[in-house]
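4 protein chains.
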Amino acid sequence: MKQTSQYPLQMDADGVMNFLKEVFVEQWHAIGFEIISLTPGYLCIRLQPSIIHQRPGGTLSGPTMFTLADVGAYALVNAHTGPRPLSVTTNLNINFMRKPDLAPMIANLNLLKLGKRLAVVNIEMANESAPDNLVAQATATYALQQV
Amino acid sequence: MKQTSQYPLQMDADGVMNFLKEVFVEQWHAIGFEIISLTPGYLCIRLQPSIIHQRPGGTLSGPTMFTLADVGAYALVNAHTGPRPLSVTTNLNINFMRKPDLAPMIANLNLLKLGKRLAVVNIEMANESAPDNLVAQATATYALQQV
Amino acid sequence: MKQTSQYPLQMDADGVMNFLKEVFVEQWHAIGFEIISLTPGYLCIRLQPSIIHQRPGGTLSGPTMFTLADVGAYALVNAHTGPRPLSVTTNLNINFMRKPDLAPMIANLNLLKLGKRLAVVNIEMANESAPDNLVAQATATYALQQV
Amino acid sequence: MKQTSQYPLQMDADGVMNFLKEVFVEQWHAIGFEIISLTPGYLCIRLQPSIIHQRPGGTLSGPTMFTLADVGAYALVNAHTGPRPLSVTTNLNINFMRKPDLAPMIANLNLLKLGKRLAVVNIEMANESAPDNLVAQATATYALQQV
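As they're listed, the protein sequences go chains A, B, C and D. Per my numbering, residue 1 is the first one in the first sequence, and the count goes up by one each step. Per my numbering, residue 1 is the first one in the second sequence, and the count goes up by one each step. Per my numbering, residue 1 is the first one in the third sequence, and the count goes up by one each step. Per my numbering, residue 1 is the first one in the fourth sequence, and the count goes up by one each step.
One thing to keep in mind: the hints can contain errors.
Identical chains blur together in the list; that is why a pair holds if it fits in one copy or across any two.
Straight-line distance between alpha carbons at most 20 angstroms, and here's what the computed SDA-like set of lysine to any residue pairs gives [what the hints assert, rightly or not]: (1) Lys99 - Tyr7; (2) Lys99 - Gln10; (3) Lys99 - Asp132; (4) Lys116 - Cys44; (5) Lys21 - Arg46; (6) Lys116 - Pro8; (7) Lys21 - Pro131; (8) Lys116 - Glu26; (9) Lys99 - Val147; (10) Lys99 - Phe24; (11) Lys116 - Val25; (12) Lys99 - Gln146; (13) Lys116 - Val88; (14) Lys21 - Glu124; (15) Lys99 - Met11; (16) Lys99 - Tyr42; (17) Lys99 - Arg46; (18) Lys99 - Ile35; (19) Lys116 - His29; (20) Lys21 - Ile35; (21) Lys116 - Leu86; (22) Lys99 - Gln6; (23) Lys99 - Leu9; (24) Lys21 - Gly32; (25) Lys21 - Ala103; (26) Lys116 - Val147; (27) Lys116 - Gln146; (28) Lys99 - Leu86; (29) Lys21 - Ile51; (30) Lys116 - Asn18.
It should be emphasised that the hints constitute simulated quantities derived from the structure, not laboratory data.
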């Protein structure tokens, strides 16, 4: 059921990073991540956490993983629509399944739907050191800026 | 990030169907579906809809797809825990993405987590005739009957 | 934070029931419920379950409660937009919190948002005999038919 | 359907604030909020945002509201269980309904369920200046640390 090439890219990885740094100019240092790969329908990003991302128990906090999912989905959607900074999340559902290490996290994002008004993204997150142990899964719906 | 063999099966497809028919003895005619395949971590099921499953616009209704997701997750979880009829859904989130035809639906289910108390399942649904056009995606959490 | 009169009604309870019976002409016997009250922003409905709504353990099934939430939200949204049969659910998230008796259920629905394109509804469900013991809570997003 | 006194408090507002500052010792400056009121089953908190909480369009970011909901639910749950720092979110679903001003936000939290293993919290958020215009609604499930 994987959708591989249904949705063509409008920006490459460098274009997406420049777009994010521009629109999050005051916040980027706090939400920074690295793009590992970007292909039609798919984005893989990497977060290098610091002490600020810790929660009680010494694991990565829920808000950190929400931010990774939400900003990642924003990046993936904009990569496919071209720059629409005012596209907004309308719903995000996240399941936390295992305790993550406070260590690099990988998020794999998949564009399930790109309609005229709404886009839906699936997100799976795991520590880089244990890619088969899903730490969290999320789905995000974005309302697209109309242009 | 696919988890292929982490969770071994405790029942095969025939065992699961017999279990479902037994515990849903009064309801089975209303929620019947067919198991296409069952492997460690994965279940594929098929629903043949009838007029009762229709919603305004002539498409498959949301409650029908919820039922397919929820009963399918119950089947997948029990296939991996052995029969625990009192395991219950605690959360189900479903995104409806495209209008489905009132025609055979396929649901692909994937066991994301099987803990001691909670299990999490991802579900993707599409018409059999258009397997790449996802109609709906859901995630379900089950609280496992303690034995 | 309750929103009491922000959204005026376009149909009264009788109008909503006639609309539902018309658009669900083939399905109504299976999803029938009774409107207890309808005021701007709020709908209270009642379901009288039968054996078909039972799940293992003798309680009301999850799909029954999903149907009550989803059809109730459809009724509440249409009561405020006027008849738009092609409005569709885009997301529904449901938390099952207690085991319900197989006995009359009450759903209280609240219109959180009515935008031009999207509506959001909150739904709380309890057995009629124990209104303070919430059995389930849901939120539904509808994409409104554009007229 | 409001549950007013079903669940007694184990900590008062000062106790909860001290607990939060202790367990989030390295992160507190980034997630700080103020408790407005705490009564059995209910918590009201206030966030004073800064430029770091802004998203494109000049509104409050989604991750900021997620953090307010998630940390608020953690506070409300611990207020009712007594200090259990290792209680963790298992699911959080959030609906963003209106564009919030980058101005003080109020979150009203309601403990829908407090079981032996799981707690469920409803969260409604609005700008302090417009309390009837809900900006976001969320539900969070916490798995309670077993003591």
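Hints, one by one, checked against the model:
no., hint, result
1, Lys99 - Tyr7, "between (34 angstroms within a copy, 19 angstroms between copies)"
2, Lys99 - Gln10, "neither (36 angstroms within a copy, 26 angstroms between copies)"
3, Lys99 - Asp132, "within (14 angstroms within a copy, 33 angstroms between copies)"
4, Lys116 - Cys44, "neither (24 angstroms within a copy, 30 angstroms between copies)"
5, Lys21 - Arg46, "within (16 angstroms within a copy, 29 angstroms between copies)"
6, Lys116 - Pro8, "within (14 angstroms within a copy, 29 angstroms between copies)"
7, Lys21 - Pro131, "neither (27 angstroms within a copy, 33 angstroms between copies)"
8, Lys116 - Glu26, "neither (30 angstroms within a copy, 32 angstroms between copies)"
9, Lys99 - Val147, "between (41 angstroms within a copy, 18 angstroms between copies)"
10, Lys99 - Phe24, "between (29 angstroms within a copy, 17 angstroms between copies)"
11, Lys116 - Val25, "neither (28 angstroms within a copy, 31 angstroms between copies)"
12, Lys99 - Gln146, "between (39 angstroms within a copy, 16 angstroms between copies)"
13, Lys116 - Val88, "both (14 angstroms within a copy, 16 angstroms between copies)"
14, Lys21 - Glu124, "neither (23 angstroms within a copy, 31 angstroms between copies)"
15, Lys99 - Met11, "neither (34 angstroms within a copy, 27 angstroms between copies)"
16, Lys99 - Tyr42, "neither (25 angstroms within a copy, 23 angstroms between copies)"
17, Lys99 - Arg46, "within (18 angstroms within a copy, 29 angstroms between copies)"
18, Lys99 - Ile35, "neither (24 angstroms within a copy, 28 angstroms between copies)"
19, Lys116 - His29, "neither (32 angstroms within a copy, 36 angstroms between copies)"
20, Lys21 - Ile35, "within (13 angstroms within a copy, 34 angstroms between copies)"
21, Lys116 - Leu86, "both (15 angstroms within a copy, 17 angstroms between copies)"
22, Lys99 - Gln6, "between (34 angstroms within a copy, 17 angstroms between copies)"
23, Lys99 - Leu9, "neither (34 angstroms within a copy, 25 angstroms between copies)"
24, Lys21 - Gly32, "within (9 angstroms within a copy, 26 angstroms between copies)"
25, Lys21 - Ala103, "neither (23 angstroms within a copy, 23 angstroms between copies)"
26, Lys116 - Val147, "both (10 angstroms within a copy, 17 angstroms between copies)"
27, Lys116 - Gln146, "both (8 angstroms within a copy, 14 angstroms between copies)"
28, Lys99 - Leu86, "between (33 angstroms within a copy, 11 angstroms between copies)"
29, Lys21 - Ile51, "between (22 angstroms within a copy, 15 angstroms between copies)"
30, Lys116 - Asn18, "neither (24 angstroms within a copy, 33 angstroms between copies)"
Hint compliance for this structure: hints 2, 4, 7, 8, 11, 14, 15, 16, 18, 19, 23, 25 and 30 are broken, all remaining hints hold.
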